[in-house]
Amino acid sequence: MIPGVMAEFLGRASVAVASTRDARKVPHIHFLCGWSVGDDGRSVICLVPAAFSDKLPESLARHADFAMVAEVIGPHECYQFKGRHVDSRPAGAADRAVYESCRQRFVDAVQRHTRNRFADAILRARFREPRLAVRFEVQEIFVQTPGPAAGRRLFPPEG
Amino acid sequence: MVAATLPDEIRAVLDNGVPCILATCSSDGVPNTTIVSEAYYVDPGHVALSFQFFSKTIRNVRENPHAALCLFDMEDTSFWLLELEYEHSETAGPIFEEMEMRIEAIASITGMSGIFKLKAADIYRVRAVSRV
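Which chain is which? The protein sequence lines are A and B, in order.
In this text, residue positions in the first sequence follow my numbering: the first is 1, and each later residue adds one.
In this text, residue positions in the second sequence follow my numbering: the first is 1001, and each later residue adds one.
Next comes chain A alone, as it looks inside the complex (with noise of 0.2 Å):
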């Protein structure tokens, strides 16, 4: 199960993007319009727009690795979850509440931090309309805030 605490951040987390990686070990980046803990309490969906979907599913189905890291704009508050593909799905109607909440995250975090440097408009424009829901198990929560703590793993706790 990923632990309560790692649930709540996903909740407030402002900016997510995944990592996959394709038959050469060459690492392929996909930035997230939606991400939210499973039913199962065990796994994030994570929704992918069209221009970072291409070939996603074909790509999983070959090599399951799956990296994404979240983070708290301002804070800096990051972690970054590790674990295998379960299965992927087009996003739906269903999808619609999660993209709209994380992209308002996104939007109040960035112009908290920034001081209004950039127009709401071209922030929301930032999260474009989900296509791809893609399903990972969480095996391994790493802490990525800046600081001595850095690269320890949280989930399963070390030692």
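No lab work stands behind these hints, which were simulated from the structure alone.
Treat the hints with care, as some may be off.
What the hints assert, rightly or not - Derived lysine to aspartate or glutamate pairs resembling DMTMM-like cross-links, with alpha carbons at most 25 Å apart:
id : chain 1 : residue 1 : chain 2 : residue 2
1  : B       : Lys1117   : B       : Asp1015
2  : A       : Lys55     : B       : Glu1085
3  : A       : Lys55     : B       : Asp1028
4  : B       : Lys1117   : A       : Glu137
5  : B       : Lys1119   : A       : Glu129
6  : A       : Lys55     : A       : Glu129
7  : B       : Lys1117   : B       : Glu1100
8  : A       : Lys55     : A       : Glu137
9  : B       : Lys1117   : B       : Glu1087
10 : B       : Lys1117   : B       : Glu1063
11 : B       : Lys1117   : B       : Glu1090
12 : B       : Lys1117   : B       : Glu1085
Stated by the list, open to error - What follows is a list of derived Cβ distance ranges for each label pair:
id : chain 1 : residue 1 : chain 2 : residue 2 : range
13 : A       : Arg124    : B       : Glu1097   : 36 to 42 Å
14 : B       : Glu1075   : A       : Arg84     : 22 to 28 Å
15 : B       : Asp1043   : A       : Ala50     : 32 to 38 Å
16 : A       : Ala121    : B       : Thr1091   : 42 to 48 Å
Unchecked claim - Output of the computed footprint for chain B on chain A, the stretches with three or more beta carbons under 8 Å from beta carbons of chain B:
id : stretch
17 : 25–38
18 : 58–71
It should be emphasised that the depicted structure is a prediction, and the values quoted were computed from it without experimental measurement.
All C-beta atoms, glycine included, are put in the ideal place defined by N, C-alpha and C.
Since chain A is already given, all that's left is putting chain B on it; use the hints.
Chain B in isolation, oriented as in the chain A frame:
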């Protein structure tokens, strides 16, 4: 070796002060995603990234040189995706000194002065560039 040339318009994106995303992969095939404060333009075929801590990223690119970088163009909401290959590290010289100065500037702005110390400037060859 396949290489690509960075277009001129990407220099403003590299300098926009917005953090970027770096992905690497271990030799046993596990991807790793990190948020990095800045990537540095070296020449039309190379970028530099800072090596400040012995992190998973640093270990990965030394065993598997492939990397991917995502930049955020804040003028038009597009993303720049760079396929990179780690070439070498520099611990002195103009690139290192420029990066060291900019890292200290970012650290002082974000209240993290003294936490970050540049160990090396990691130089990556650009293998492909796309804009989405």
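Going down the list of hints, with the structure as the test:
1. For a cut-off of 25 Å, the pair hint linking Lys1117 of chain B to Asp1015 of chain B stands: about 20 Å separates their Cα positions.
2. Using a Cα cut-off of 25 Å, the hinted pair Lys55 of chain A and Glu1085 of chain B holds, with the two alpha carbons roughly 23 Å apart.
3. With a CA separation close to 22 Å, the supplied pair Lys55 of chain A and Asp1028 of chain B stays within the 25 Å bound.
4. Under the criterion of a C-alpha separation no larger than 25 Å, the hint pairing Lys1117 of chain B with Glu137 of chain A is inconsistent with the structure, at around 35 Å.
5. Proximity of Lys1119 of chain B to Glu129 of chain A is assessed by CA-CA distance (about 40 Å); at most 25 Å being required, the pair is judged violated.
6. Proximity of Lys55 of chain A to Glu129 of chain A is assessed by CA-CA distance (about 17 Å); at most 25 Å being required, the pair is judged to hold.
7. Only pairs whose Cα atoms come within 25 Å are accepted, and Lys1117 of chain B paired with Glu1100 of chain B is accepted, the gap being roughly 8 Å.
8. Proposed proximity of Lys55 of chain A and Glu137 of chain A is supported: the alpha carbons are some 20 Å apart, at most 25 Å.
9. This hinted pair checks out: Lys1117 of chain B and Glu1087 of chain B have alpha carbons roughly 21 Å apart, not beyond 25 Å.
10. At most 25 Å may separate the alpha-carbon atoms for a hinted pair to count; Lys1117 of chain B and Glu1063 of chain B meet this at roughly 23 Å.
11. For the hint pairing Lys1117 of chain B with Glu1090 of chain B, the CA-to-CA distance comes to about 14 Å; that is within 25 Å, so the pair holds.
12. Proposed proximity of Lys1117 of chain B and Glu1085 of chain B is supported: the alpha carbons are some 24 Å apart, at most 25 Å.
13. For Arg124 of chain A and Glu1097 of chain B, the Cβ-Cβ distance of about 39 Å falls inside the hinted range of 36 to 42 Å, so the restraint holds.
14. Judged by the Cβ atoms, the range 22 to 28 Å given for Glu1075 of chain B and Arg84 of chain A is violated: they are separated by roughly 38 Å.
15. At roughly 33 Å, the beta carbons of Asp1043 of chain B and Ala50 of chain A sit within the given window of 32 to 38 Å.
16. Distance hint check for Ala121 of chain A and Thr1091 of chain B: the Cβ-Cβ separation is about 44 Å, which falls inside the suggested range of 42 to 48 Å.
17. By the rule of at least three residues with a Cβ nearer than 8 Å to a Cβ of chain B, the coverage given for the stretch 25–38 of chain A holds, with 6 such residues.
18. As drawn, the stretch 58–71 of chain A meets chain B at 7 residues by the rule of a beta-carbon pair under 8 Å; at three or more, the given contact holds.
Hint violations for this structure: numbers 4, 5 and 14, all remaining hints satisfied.
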